[in-house]
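Colleague: The residues making up each chain are set out below.
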Amino acid sequence: MSTVVSQTWYMTQRQLMVFVRQPAYAIITLIQPVIWLFLFGSLFREVVELGGFGTTSYLDYLVPGVVVMSALSSNMWAGMTTLDEIQRGTLDRFLTTPVSRAALMNGNVVNNGLITALQSVVIVLLGLLGGADYPGGIAGVAVLVLAAVLLGTVFGAFSNALGMLVRERESIIGINTFLLLPLTFLSSAFMAPSQMPSWMRHIADFNPLNWAMVAGRSALSENPDWEAVLVRGGALLALAVVAVWLSIRTFRSYQRSV
Amino acid sequence: MNTRAPAVAARQLIKTYPGDVTALNGMDLTVEPGTVFGLLGPNGAGKSTTVKILTTLARPDSGSATVAGHDVLRHPDRVRRAIGVVAQNSGADPAATGRENLRLQGRLYGVTGADLDRRVAGLLDRFTLADAANRQVKGYSGGMRRRLDVALGLVHRPQVLFLDEPTTGLDPEARSAMWDEIGRLAGEEGLTILLTTHYLEEADRLAERVAIVDRGRVVVEGTPDALKGELRGDAVHLELRAAIGEAGRTLLKGALGGLPGVHEVVVDGHRASVRADDGAAAMPALLGALERAGVGVAAATVARPSLDDVYLRYTGRRYAQTDDLVLAGGER
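Taken in sequence, the protein lines are chains A and B.
Residue 7 is where the first sequence starts when you use the numbering used here, and the numbers rise one by one after that.
Residue 15 is where the second sequence starts when you use the numbering used here, and the numbers rise one by one after that.
Derived from the structure by calculation, the hints contain no laboratory data.
All C-beta atoms, glycine included, are put in the ideal place defined by N, C-alpha and C.
Treat each hint with caution, since some may be false.
[Unchecked claim] From the structure, some residues in chain A lie toward chain B, with a derived Cβ separation under 10 Å:
hint	residue
1	G95
2	A109
3	N229
[Claimed, not checked] Footprint (simulated), chain A over chain B, 3 or more residues, beta carbon under 8 Å:
hint	stretch
4	63-71
5	97-110
6	119-130
Sequences and hints are given; from them, build the entire structure.
Modeller: Right, here's the structure in full:
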């Protein structure tokens with residue numbers, strides 16, 4: 007077991023190093039949410055007066071939405087990295103060593119989780135700088151970050167599986183572009199559920215993005231509804247486990263195809 | 015472990031890929047420990063698939079194989095500990111330095127601490143990468159990358175080293191340096207090297223034994239000298255002005271084969287090759303026979319037997335042309 011843990015760490019370290027050594031990529035990952043935050047923050051500022059947002063400042067409402075949306079958009083490209091590693095021969099090189107297969111996949115998951123957590127914290131801090139208020143305090147922020155990491159894991163794992171199955175950059179780009187905006191707008195990211203058309207609200211109930219937002223937002227509020235947080239969080243965790251399991255299975259099918 | 019057991023033994027490996035592509039069609043292979051064994055054949059002959067199966071990356075449809083005494087299907091983990099693999103694309107991390115790549119590779123095999131430091135420093139020296147050790151691999155030249163790839167395969171002191179097309183894509187200078195290095199490796203304590211190549215020259219120079227692979231199986235195997243020795247006399251290659259059709263081929267074979275001291279006539283498109291006891295002496299008669307048959311000759315050469323000739327004899331095709339065939343096939 008301890009080998010799996012240390013090997014997972016080696017694999018995580020390897021990927022974190024890539025993140026750190028590509029400052030352009032790191033900065034874009036961290037800057038892009040800022041654009042969302044201030045663009046949507048300014049555009050929709052007045053919308054909060056419609057009611058149903060549970061706060062009088064739109065920025066308070068927006069921060070969890072942008073955190074979760076950014077977790078989605080940075081993790082859904084994980085399959086591109088996997089594809090690169092397949093084409094470069096790196097994956098095959100690791101597969102001919104005794105390294106544990108679980109460690110190979112876990113390295114991805116942990117690396118993406120750490121980057122998502124960092125990105126989420128940065129957004130929360132930027133929100134604070136812009137005047138957002140988090141009555142839920144540190145515990146609330148921790149729940150939001152965890153929810154974002156779980157959501158990122160779900161989509162990162164699916165993206166990895168897709169990369170190994172189709173082995174085409176174009177398919178990943180196509181599916182991601184297709185999914186990103188509908189998933190975001192069919193959630194409570196920018197608009198209070200009570201202001202949404204009812205059909206949209208019902209779809210949002212089944213949107214994992216929305217689960218993460220509802221859990222994070224509730225935990226950040228003055229009186230968190232912990233039951234709602236646990237239900238959404240539990241569902242996200244279950245989905246993440248399934249997604250990772252699926253991506254490890256895809257690993258095996260990849261190996262059958264070489 | 016019994017040291018006289020073969021380092022690599024493959025029996026009747028068969029592997030088909032989706033779309034009815036037969037990559038291996040009864041591959042048999044035995045490599046004695048401590049030797050350099052060359053798998054020689056054009057692209058698509060099945061060399062890489064063989065290596066993928068022997069290195070536990072792919073599974074055969076049927077057949078069995080052992081590497082360093084371990085069954086590749088039943089104990090892939092034991093095989094992985096015993097082998098070093100230098101694939102065609104070894105995929106060193108471009109954002110990591112040479113040293114970091116080596117350290118990670120060592121750790122995956124459980125090499126740690128002072129042992130890892132020593133091992134990595136030794137390999138960096140040996141492959142003249144010490145100066146570049148702390149630079150990111152993306153700045154390395156092709157030759158440096160390839161040397162790093164080989165070093166990666168050696169970091170845990172494997173018993174069997176697989177080198178898949180080690181010099182493909184290298185410039186002549188880097189290729190010759192790599193040959194020297196592989197030659198030195200071959201002398202090391204008990205290391206067995208299985209080398210695949212589509213360069214005849216490379217197999218001839220590096221391998222103690224060579225197996226010629228064609229269409230997913232071994233067509234002939236032996237030492238390069240023995241293989242060449244089986245061919246009597248000189249090879250005479252005639253380049254013809256026009257391609258010879260099916261009917262002309264039989265006619266021409268009869269005309270040339272009937273000459274004294276000439277045997278093994280192969281006519282393939284624009285080329286005719288014969289084996290002659292004395293190539294120079296047979297030349298006037300050969301040219302005369304061709305003239306009588308109305309076949310124009312663009313060029314004629316006499317050469318000592320090479321592995322190219324061995325390939326020609328056992329597959330019925332010239333080596334240089336098979337690559338073109340594969341390339342043309344790949345474009346379809």
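Colleague: Okay, which hints does this one fail, numbers in order?
Modeller: 3
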